[in-house]
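J.: These are the residues of each chain, in order.
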Amino acid sequence: MSFLKIEKLKKSFGRVEVLKGIDLEIEEGGFLVLVGPSGCGKSTLLNTIAGLETITDGTISINGRSVNDLHPSERDIAMVFQSYALYPNMTVAGNIGFGMEIRGVAKAERDAAIARVAETLQIGQLLDRKPSQLSGGQRQRVAMGRALVREPQVFLFDEPLSNLDAKLRVDMRTEIKRLHQRMGTTIVYVTHDQIEAMTLATRIAVLKDGVLQQFGTPAEIYARPANLFVADFMGSPSMNLIPATLDADGADVAIVMKRDEGAPLVLPYAKNVPELAARKGEMVVFGIRPEALTDPDSADRNARHVSELDCDIEVIEPAGSDTFAVTRIGGREIVARLRADAPIIAGQKARLAFNLDKAVLFDPQTQLRIA
Amino acid sequence: MSADRMAGAGRSNKLLRALLYSVLILFAVYYLLPLYVMLVNSVKPLEEIRQGDMLSLPTLFTLEPWAKAWSSAQIGVQPTGLKPYFLNSVLMVVPAVTISTVLGALNGYILTKWRFRGDDVIFGLILLSCFIPFQIALIPAARILGMLGLAGTTTGLILIHVVYGLGFTTLFFRNYYAAFPTELVRAAQIDGASFFQIFRRILLPSSAPIIVVTVIWQFTNIWNDFLFGVSFGDFDSLPMTVALNNLVSSSGGVKEYNVHFAGAILAALPTLVVYIVSGRYFVRGLMAGAVKG
Amino acid sequence: MNRNRLQHIIPKLVLSPSLALILIFVYAFILYTFYLSMTDSRMLPSYGFVGFENYSKLWGLRHWWRALSNLAIFGSLYIVICSVLGLFLAILLDQKIRGEGFLRPIYLYPMALSFIVTGTAWKWFLDPGIGLENTMHQWGWTGFEFSWIKDRTLAIYTVVIAAVWQSSGFVMAMFLAGLRGVDSEIIKAAQIDGASNATIYRRIIIPMMRPVFLSAFVVLAHLAIKSYDLVVALTGGGPGQATELPATFMYSYTFTRNQMGIGASSAIIMLVMIFSIIVPYLYSELKPGRQR
Chain A
1 MSFLKIEKLK KSFGRVEVLK GIDLEIEEGG FLVLVGPSGC GKSTLLNTIA
51 GLETITDGTI SINGRSVNDL HPSERDIAMV FQSYALYPNM TVAGNIGFGM
101 EIRGVAKAER DAAIARVAET LQIGQLLDRK PSQLSGGQRQ RVAMGRALVR
151 EPQVFLFDEP LSNLDAKLRV DMRTEIKRLH QRMGTTIVYV THDQIEAMTL
201 ATRIAVLKDG VLQQFGTPAE IYARPANLFV ADFMGSPSMN LIPATLDADG
251 ADVAIVMKRD EGAPLVLPYA KNVPELAARK GEMVVFGIRP EALTDPDSAD
301 RNARHVSELD CDIEVIEPAG SDTFAVTRIG GREIVARLRA DAPIIAGQKA
351 RLAFNLDKAV LFDPQTQLRI A
Chain B
1 MSADRMAGAG RSNKLLRALL YSVLILFAVY YLLPLYVMLV NSVKPLEEIR
51 QGDMLSLPTL FTLEPWAKAW SSAQIGVQPT GLKPYFLNSV LMVVPAVTIS
101 TVLGALNGYI LTKWRFRGDD VIFGLILLSC FIPFQIALIP AARILGMLGL
151 AGTTTGLILI HVVYGLGFTT LFFRNYYAAF PTELVRAAQI DGASFFQIFR
201 RILLPSSAPI IVVTVIWQFT NIWNDFLFGV SFGDFDSLPM TVALNNLVSS
251 SGGVKEYNVH FAGAILAALP TLVVYIVSGR YFVRGLMAGA VKG
Chain C
1 MNRNRLQHII PKLVLSPSLA LILIFVYAFI LYTFYLSMTD SRMLPSYGFV
51 GFENYSKLWG LRHWWRALSN LAIFGSLYIV ICSVLGLFLA ILLDQKIRGE
101 GFLRPIYLYP MALSFIVTGT AWKWFLDPGI GLENTMHQWG WTGFEFSWIK
151 DRTLAIYTVV IAAVWQSSGF VMAMFLAGLR GVDSEIIKAA QIDGASNATI
201 YRRIIIPMMR PVFLSAFVVL AHLAIKSYDL VVALTGGGPG QATELPATFM
251 YSYTFTRNQM GIGASSAIIM LVMIFSIIVP YLYSELKPGR QR
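Residue numbers (UniProt numbering), protein chains in the order written: chain A, 1 to 371; chain B, 1 to 293; chain C, 1 to 292.
No wet-lab data here; the hints were simulated from the structure.
All of these numbers come straight from a predicted model, not from anything done at the bench.
Note that CB positions come from ideal geometry on N, CA and C, so glycine has one too.
Any given hint could be a false lead.
As the list claims (entries may be wrong) - Just the calculated beta-carbon pair ranges, DEER-fashion:
(1) Leu61(C) - Gly253(B): 48 to 56 Å
(2) Asp151(C) - Arg200(B): 56 to 64 Å
(3) Val94(B) - Asp94(C): 32 to 40 Å
(4) Arg200(B) - Asn63(A): 27 to 35 Å
(5) His63(C) - Gly149(B): 34 to 42 Å
(6) Thr155(B) - Leu23(C): 16 to 24 Å
(7) Asp76(A) - Arg115(B): 22 to 30 Å
(8) Arg115(B) - Asp300(A): 50 to 58 Å
(9) Arg116(A) - Arg115(B): 21 to 29 Å
(10) Thr155(B) - Gln125(A): 50 to 58 Å
(11) Leu31(C) - Leu148(B): 13 to 21 Å
As the list claims (entries may be wrong) - Partner residues aside, some chain A positions facing chain B, computed with beta carbon under 10 Å:
(12) Gln82
(13) Met90
(14) Asn95
(15) Phe98
(16) Arg339
What the hints assert, rightly or not - Covered stretches of chain C, as calculated for chain B (at least 3 residues, CB under 8 Å):
(17) 71-83
(18) 143-153
(19) 276-285
Can you make the complete structure from the sequences, with help from the hints?
T.: Have a look at this one:
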């Protein structure tokens, strides 16, 4: 049974509709990540769950109870903000205990709760400091402490890691995941960073312009993106999307892609999708992730359909663990991911293996995935 | 050769710097001159002013003009000195500054952290009130004060100063709170704090600078006001500026310049002290009033 | 349960007294004064409607024209001199001056004074009998003459002198803040391009001060139109009507000459003058900040 349920949620600011009917749900103990480019409505969605924004239409329920008309403090949620939002005039202990103070919890009880949380997050030695005396990572911990101490039914995180430097961000990401595994509390987490989304989530909701694009597990979203936007947005480097034409001979379908020079690339699309044959001669967008396009030696041996073709390599970008090679197909720059010591040279031809098990096709008109 | 040129440049540079400093000092003299004239001549006997020149230091130092200006000079018809009017001003300024600052702070808090549809129109209306020529309000304000039974009272003047100060105090606080992170307010809401708790516990502790700016601005403006004082004041409520003007421009008798100067300094003293003590905030207020919303 | 409702009502409730005061004391008053300007009010408000008669009377008064032409002289000189002097002093002070912290407050302190104090000081300092002229005579320069304040055509310029003394330091502070806000990398780039200091100011920095010029213009114009206290204390509007301004005109017609209808119509004209400067300015200033 779903723990947090959002149905037909709409939100408008004046005449601008920011959320256009969102349906989402997450089970108890789940980790829901809302991801999308800036302005997609993900933060607004989080704020409506928190009760910080009113909603125009729809319902939000937590644990079977509609919270539409409840004040944020009555929804049994806790929130960690992007800027941490630590009260600058209060000590760390004061910050963590403020909510309890407002609710009239006795001092001794408060102190005990603060100490408990401080121990969990290892910030005991910071309790008497003011936020301005803390480092970014410490502030982040205090902000989490303020949320933890409420022992809420749902944690809300609004891009909590975006103000940290790259290394700290990775550490904190692991820490959040560990915390979630230990406590098992439901979490809704907003980010624009698709790697954070992939690593943390049990379920991902991809938003764009106030519309839910796809809702599924990280693996689903990565392997079978619902449309071109999701395909392009999730994954780094992002999926290669190549304009192509379908050719068919009976039930055998081939994908034809133009090249600047020489004959077009022709790939047999051996997955048996009968409706594709009917689309013979139509334009499609062929999608393949960089790791599915590699040097023949690195190609997945368990894959059933691998095609090898010669491509002109324009640029190579060694990244240490792998080497990225840029070629050009169908007028697009295409990125292939090779093993680090693959013997290729920029400006020359190299043989690349296309793992067609992992390839997807989109309809350029509807933008939706067709295979 | 090049060393020569360098030395030459250095010399002409030095000359330029000297010129620069002389011009700056000249202007300092220009700005200080009237204050100097007031000070020097306020401690001279009247005879010495008439005989001598205004710029020379007193040969016979006396504090008598100050005493006279404070407690016995003829203001209007009564020889009361400026003392009662100084008190009038204090009794008017303190409540007017307090009330307008508190209201301005609340307005700024609401207009930035509790936004609602149409709030920018309301802010525009409030802001525009900063700029109206007060002549437009003199006739109806006199009538309203009469109707409320506040004509000629300090309370009436307080009301007027609060109303016409609201635009500025709201502007100051609105601009200050606009830069105050809204996430803090949201965090406090989730913690269950109420409208007033958020204001008192979260915003107010961080508002010291803007409170100082606002209080100084309001204090200076209200203390220095003349138009409302002369229009709506009575003996029991006439502020210092009006009394000073009555003292200086009373037509009858000998012109006691030394007493006038002493009176002018007395009238200027409170704002000057505030300026000297916290000029930084005074300038910030001026700027905030001048530049954008 | 009701907490959410309440949370949206309280702010409006708290804001409403301020809004009510402003609506009454500013906007209703403007309407009332506008109405009075169309009536035959004299010593007291009266409600005989006369249309625009007061306005045509007003524009027929030489006294009013004198106030307007004085405002034109005073306003333009006040704005120009304050801006030029303010910019000049700001540029001088921007040359890494030792003792800037000492000089700046000296330039600026007159702004803290009441116009009545300023008027009193300059009234006697400019008075030929005891002030500057007398002092020069005492010092042996017997040919020195400076009696503008007693002169019907020149008295208005003494108002300019006193007003410039009071406000130019403030304009200086505005420009100084503007100069300090110029990105130092832009100046470094210009220096690398080989521009001299004078060229940098003329071609790069001063053009970047456009918003400050605009703000200074608006503030000064608005102060000029409102100027009342200074004239009262310095010259009392005289000699004769030599330093009468619209603000003093309004006051004397309304309260001493018992021509309230005409006084009200002059106040409306003042309002129109100020709003025609302020409203476009505020509109352009507030517009970018309008979106949430």
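J.: With reference to the structure, classify each hint as holding or not holding.
T.: Evaluated hints:
1. Leu61(C) - Gly253(B): 48 to 56 Å: Violated, since Leu61(C) and Gly253(B) (Cβ atoms, about 34 Å apart) do not stay within the stated range.
2. Asp151(C) - Arg200(B): 56 to 64 Å: With a Cβ separation near 60 Å, Asp151(C) and Arg200(B) satisfy 56 to 64 Å, so the hint holds.
3. Val94(B) - Asp94(C): 32 to 40 Å: This hint holds: roughly 39 Å between Cβ atoms.
4. Arg200(B) - Asn63(A): 27 to 35 Å: Once the Cβ atoms are compared, 33 Å apart, the range 27 to 35 Å for Asn63(A) and Arg200(B) holds.
5. His63(C) - Gly149(B): 34 to 42 Å: holds, 36 Å
6. Thr155(B) - Leu23(C): 16 to 24 Å: Taking Cβ atoms as reference, Thr155(B) and Leu23(C) lie about 21 Å apart, which means the hint holds.
7. Asp76(A) - Arg115(B): 22 to 30 Å: holds, 26 Å
8. Arg115(B) - Asp300(A): 50 to 58 Å: holds, 55 Å
9. Arg116(A) - Arg115(B): 21 to 29 Å: Given range 21 to 29 Å: violated, Cβ gap about 37 Å.
10. Thr155(B) - Gln125(A): 50 to 58 Å: holds, 56 Å
11. Leu31(C) - Leu148(B): 13 to 21 Å: Since the Cβ atoms of Leu31(C) and Leu148(B) sit about 19 Å apart, the hinted range of 13 to 21 Å holds.
12. Gln82: Holds. Min distance 7 Å.
13. Met90: For Met90(A), the interface hint holds, since the closest Cβ of chain B sits about 8 Å away, which is under 10 Å.
14. Asn95: holds, 9 Å
15. Phe98: Since chain B brings a Cβ to about 5 Å from Phe98(A), closer than 10 Å, the hint holds.
16. Arg339: With Cβ-Cβ at 45 Å, over 10 Å, it is violated.
17. 71-83: With 0 residues close enough to chain B, the hint is violated.
18. 143-153: Since three or more residues must qualify, the claim that chain B covers the segment 143-153 of chain C is violated, with 0 doing so at under 8 Å.
19. 276-285: With 4 residues in contact (Cβ-Cβ under 8 Å with chain B), the coverage given for the segment 276-285 of chain C holds.
The structure fails to meet hints 1, 9, 16, 17 and 18 from the earlier list, while all remaining hints are met.
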